[in-house]
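Visitor: Sequence:
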Amino acid sequence: MDAIALQSPHTTDATEAVGLLGKTGVLLVNLGTPDSPSVPDVRKYLREFLMDGRVIDIPYIPRFLLVNGIIAPFRAPKSAKTYREVWTDNGSPLKHYGYVVEKMVQAQLGDDYVVRLAMRYQSPSIDTALTEFQRLGLTDIVVVPFFPQYASATTGSVYEKVMEVLKTWQVIPQVRFVNRFLEHPKFIEGFVQLGRKYMAERTYDHYLFSYHGLPERQIRKGDVTKTVCQLGDCCASLRADNQHCYRAQCFETTRRLVRELGIPEGQYTTCFQSRLGKDPWIQPYTEDTIKKLAAQGVKSVLAFSPAFVADCLETTIEVGEEYKELFEEQGGEHWQLVESLNDSPLWVETVVDLVKNT
1 MDAIALQSPH TTDATEAVGL LGKTGVLLVN LGTPDSPSVP DVRKYLREFL MDGRVIDIPY
61 IPRFLLVNGI IAPFRAPKSA KTYREVWTDN GSPLKHYGYV VEKMVQAQLG DDYVVRLAMR
121 YQSPSIDTAL TEFQRLGLTD IVVVPFFPQY ASATTGSVYE KVMEVLKTWQ VIPQVRFVNR
181 FLEHPKFIEG FVQLGRKYMA ERTYDHYLFS YHGLPERQIR KGDVTKTVCQ LGDCCASLRA
241 DNQHCYRAQC FETTRRLVRE LGIPEGQYTT CFQSRLGKDP WIQPYTEDTI KKLAAQGVKS
301 VLAFSPAFVA DCLETTIEVG EEYKELFEEQ GGEHWQLVES LNDSPLWVET VVDLVKNT
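Numbering (the UniProt record's numbering), first residue to last: 1 to 358.
Source of the hints: derived by calculation from the structure; they are not laboratory data. Please note that a few of the clues may not be correct.
No farther apart than 20 Å at their CA atoms in a straight line, the calculated lysine to any residue pairs in the SDA-like style are these [unchecked claim]:
1) K78 <-> L50
2) K291 <-> T269
3) K278 <-> I56
4) K221 <-> G53
Throw the hints in and build the complete structure from the sequences for me.
Guide: This is the structure in structure tokens:
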């Protein structure tokens, strides 16, 4: 795939806009990335990201003090160093693959659609993309958050930002949101194909499915009935009463992948990474799971990160390198990360299907 510039080249004048009436705008949204791996840019990104009340769901004043007085100043230098490890000649992998997918989806959807990439935090911004749609006179918009499982801190935050922008418009367009896509067969098949590639090369003792974590309080908040969520066996199946639970959706994603990969019961684990702060996060924790597996004599692990559709810090560094190091320190011998979908044809087909059928 040819490299694609990180600065989106989209420009449209009034003459072009006339010919775009009646077309559908497609907004592809991923989480975000700093504009560069420099400390100031990383600090700027962290401040915007962590000041989102859906990410750190505490009152504004203590959140402001925590983010701007502690987390951003002290975490930015360390995070900047880590970002430099994943940065490529094309810049951030997450943004680079986003632009590649944008181009591929546009090609498959054709001239009846206008496809734009946006990031929830930093650039290219949701505001910029939606303003372009407004200028083009598009009155039908499909928003596709790049999060397989719904969570308030990810998909919910994208919804909120889109509606914050649209509420200022005099003419509010028809908007359709993709809520989740963990059940989409092509999404599942994309990870299955990647996993089979490694499974054909060697036999693994165990298969680990690591998802981004969330504070337990956020999961409980999602149980509006206050009768379902126990953060335990209630996630053993995805049902009408727990369908909006992020943890339950992650376990369901694992079950679907395991079934298609033919992994025997007892040889796989679903767990959660990226804890922050002292409050309890959803369990089991990935770090604890790795230590437990090594103590049980597991020597080889194939690790999946099915909460991410593009490689980023949480996949390449956290799962691919830090957990590998931890596993080997505990006596493990072989750790292999299954890469994200990135710009795979099946992922592009998934997005196209979501746009057409939402």
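Visitor: Hint by hint, where does the structure go against what was stated? Just the numbers, ascending.
Guide: Of the numbered hints given earlier, the structure breaks none, since each of them holds.
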